[in-house]
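Novice: With chain V's structure known, arrange chains Z, W, U and D on it following the hints.
Protein chains in written order, with numbering that gives the first Met the number 0: chain V, 0 to 95; chain Z, 0 to 95; chain W, 0 to 95; chain U, 0 to 95; chain D, 0 to 95.
Among these hints, one or two may not hold up.
Here are the simulated distance ranges between beta carbons [to be verified]:
1. U/36 / Z/36: 14 to 24 Å
2. W/34 / V/87: 34 to 44 Å
3. V/36 / Z/86: 19 to 29 Å
4. W/10 / U/87: 37 to 47 Å
5. W/47 / V/88: 36 to 46 Å
6. Z/33 / V/20: 22 to 32 Å
7. V/38 / W/84: 21 to 31 Å
8. Z/22 / U/33: 45 to 55 Å
9. V/32 / Z/32: 19 to 29 Å
10. Z/87 / U/36: 27 to 37 Å
Not close to chain W: a few residues of chain Z, all C-beta gaps over 12 Å, as computed [to be verified]:
11. 47
12. 48
13. 86
14. 87
15. 88
Source of the hints: derived by calculation from the structure; they are not laboratory data.
For glycine and all other residues, C-beta sits at the position ideal for the given N, C-alpha and C.
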Amino acid sequence: MDIGKIIGTVVATRKDPSLIGTRLLMIQPLDESGESIGTPLVAVDTQGVAGYGDVIYMVTGGDAVSVLPSRRMPVDVAIVGIVDSITLSHAKHGDE
Amino acid sequence: MDIGKIIGTVVATRKDPSLIGTRLLMIQPLDESGESIGTPLVAVDTQGVAGYGDVIYMVTGGDAVSVLPSRRMPVDVAIVGIVDSITLSHAKHGDE
Amino acid sequence: MDIGKIIGTVVATRKDPSLIGTRLLMIQPLDESGESIGTPLVAVDTQGVAGYGDVIYMVTGGDAVSVLPSRRMPVDVAIVGIVDSITLSHAKHGDE
Amino acid sequence: MDIGKIIGTVVATRKDPSLIGTRLLMIQPLDESGESIGTPLVAVDTQGVAGYGDVIYMVTGGDAVSVLPSRRMPVDVAIVGIVDSITLSHAKHGDE
Amino acid sequence: MDIGKIIGTVVATRKDPSLIGTRLLMIQPLDESGESIGTPLVAVDTQGVAGYGDVIYMVTGGDAVSVLPSRRMPVDVAIVGIVDSITLSHAKHGDE
Numbered sequence: 000m001d002i003g004k005i006i007g008t009v010v011a012t013r014k015d016p017s018l019i020g021t022r023l024l025m026i027q028p029l030d031e032s033g034e035s036i037g038t039p040l041v042a043v044d045t046q047g048v049a050g051y052g053d054v055i056y057m058v059t060g061g062d063a064v065s066v067l068p069s070r071r072m073p074v075d076v077a078i079v080g081i082v083d084s085i086t087l088s089h090a091k092h093g094d095e
Numbered sequence: 000m001d002i003g004k005i006i007g008t009v010v011a012t013r014k015d016p017s018l019i020g021t022r023l024l025m026i027q028p029l030d031e032s033g034e035s036i037g038t039p040l041v042a043v044d045t046q047g048v049a050g051y052g053d054v055i056y057m058v059t060g061g062d063a064v065s066v067l068p069s070r071r072m073p074v075d076v077a078i079v080g081i082v083d084s085i086t087l088s089h090a091k092h093g094d095e
Numbered sequence: 000m001d002i003g004k005i006i007g008t009v010v011a012t013r014k015d016p017s018l019i020g021t022r023l024l025m026i027q028p029l030d031e032s033g034e035s036i037g038t039p040l041v042a043v044d045t046q047g048v049a050g051y052g053d054v055i056y057m058v059t060g061g062d063a064v065s066v067l068p069s070r071r072m073p074v075d076v077a078i079v080g081i082v083d084s085i086t087l088s089h090a091k092h093g094d095e
Numbered sequence: 000m001d002i003g004k005i006i007g008t009v010v011a012t013r014k015d016p017s018l019i020g021t022r023l024l025m026i027q028p029l030d031e032s033g034e035s036i037g038t039p040l041v042a043v044d045t046q047g048v049a050g051y052g053d054v055i056y057m058v059t060g061g062d063a064v065s066v067l068p069s070r071r072m073p074v075d076v077a078i079v080g081i082v083d084s085i086t087l088s089h090a091k092h093g094d095e
Numbered sequence: 000m001d002i003g004k005i006i007g008t009v010v011a012t013r014k015d016p017s018l019i020g021t022r023l024l025m026i027q028p029l030d031e032s033g034e035s036i037g038t039p040l041v042a043v044d045t046q047g048v049a050g051y052g053d054v055i056y057m058v059t060g061g062d063a064v065s066v067l068p069s070r071r072m073p074v075d076v077a078i079v080g081i082v083d084s085i086t087l088s089h090a091k092h093g094d095e
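Isolated chain V, as found in the complex:
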């Protein structure tokens, strides 16, 4: 799973019928220290509780549909939880 931050919303009135009523959020991926990495993407908010600035974790690919009401929904990124905190140990940079 990857970590990201909610930075916006996407409005799309013409879409696949299975997506009607789905909330689409723009997510900025973050690294383990909360720094932005890569390009924002669009995710479905399956919990319905995420808000602007929340740090969330998301699943991508075929696994995203496992939290949706229907497995036939065309969704490849889904928010599955809101991150409260990340604890890093000291030996984090691969030194063994």
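Specialist: Here is chains Z, W, U and D on its own, set in the frame of chain V:
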């Protein structure tokens, strides 16, 4: 899901029989500000309403087939909606 | 789907039994203008009509198997059509 | 499969119900020599025995769910083993 | 499919029970000319005949499991054949 813009069409007369009648569009991926990122790819237009210059969002991988008439179609990118607008919040660059 | 050009063939006599009789081609991925991008990969030619220099489009991942005789074949890139032409519109670089 | 090192833990109280009781670990991907590569990601520890600093190997994508109690859990990276040692041959850099 | 060379072995005594008895090899991905590209990864040798220095081709993602004894094994890269030779045509760099 990723966001992109329709920049062209692909004509292919010799193809897998399951793809006959399918409309293939060339898509330029965009970031959240509408800037081009990465390399254009070929997507299937399942809604049939997208036109040149439209900003769309698409699903990739195994999820793309969920909007197709047949799950046996060899398609890994499908357009699932047309973006009307994207609203970004102010705290977008990972500053917490 | 991605676009590529056939640049070679791969011979492999020791392989998974399900792959016996399968034609393996080396593909150079291309961008929308026909320029090479990234690293060549090995694809299965399901149509059996592709030849050296042909521009083809291919599917990757789990969707590749949908055009194969058996879903149990270990194939993750399949050629699904031969590109006749690509038409690009003028407003192609994300300028809106 | 990819190799990584456990560098931290993630706490998330609000999440998809199927994930309750799941242990989420922050993993730094490593190369074959134990050097860090790329961005840390979040994985589920299915063996329950991994600890800080352990070198593990993990599966990603749809295959991650095959080791989970339920195939409907939204997980795309799972730890499937702990690496004891990696032995490299001399001819490792593609010189043939 | 991608091409790679066997550069080492991975020993892991604590792992998912479904992986017991599985041979894990460290693979260096190669380009079409036999040059190393990217980071080595861990693959399962399903043919049991690959040795140090062999050039192999492998499948990734959900397709890897199709050659395994059990579809519930958490494996996302599998060796499916040993490359005897690669023949490249002259017009290989996208010049049309």
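Novice: All hints, please: hold or fail.
Specialist: Each hint, compared with the structure:
A hinted range of 14 to 24 Å holds for the C-beta pair residue 36 of chain U and residue 36 of chain Z, which are about 22 Å apart. At roughly 42 Å, the beta carbons of residue 34 of chain W and residue 87 of chain V sit within the given window of 34 to 44 Å. Between residue 36 of chain V and residue 86 of chain Z the C-beta distance comes to about 22 Å, which sits within the given range of 19 to 29 Å. Judged by the Cβ atoms, the range 37 to 47 Å given for residue 10 of chain W and residue 87 of chain U is violated: they are separated by roughly 28 Å.
Taking the beta carbon of each, residue 47 of chain W and residue 88 of chain V are about 55 Å apart, not inside 36 to 46 Å as hinted. Restraint check, residue 33 of chain Z to residue 20 of chain V: a C-beta distance of roughly 26 Å satisfies the suggested window 22 to 32 Å. In this structure the supplied range 21 to 31 Å holds for residue 38 of chain V paired with residue 84 of chain W, their Cβ-Cβ distance being about 30 Å. For residue 22 of chain Z and residue 33 of chain U, the Cβ-Cβ distance of about 49 Å falls inside the hinted range of 45 to 55 Å, so the restraint holds.
Taken as a hint, the range 19 to 29 Å holds for the pair residue 32 of chain V and residue 32 of chain Z, whose Cβ atoms sit roughly 24 Å apart. For the pair residue 87 of chain Z and residue 36 of chain U, the beta carbons lie near 31 Å from each other, so the given range of 27 to 37 Å is met. Taking the minimum C-beta to C-beta distance to chain W, about 18 Å, the non-interface status of residue 47 of chain Z holds against the 12 Å cut. Listed as a non-interface residue, residue 48 of chain Z keeps its Cβ farther than 12 Å from every Cβ of chain W; the least gap is roughly 17 Å.
Remark: the non-interface label on residue 86 of chain Z is consistent with the geometry, its nearest Cβ contact in chain W lying 16 Å away (cut-off 12 Å). At the 12 Å boundary, the C-beta of residue 87 of chain Z stays outside the reach of chain W, the nearest C-beta of that chain being 15 Å off. With a least beta-carbon separation of about 21 Å from chain W, residue 88 of chain Z lies farther than 12 Å from that chain, consistent with its non-interface assignment.
When the structure is compared with the earlier hints, violations turn up for hints 4, 5 and for no others.
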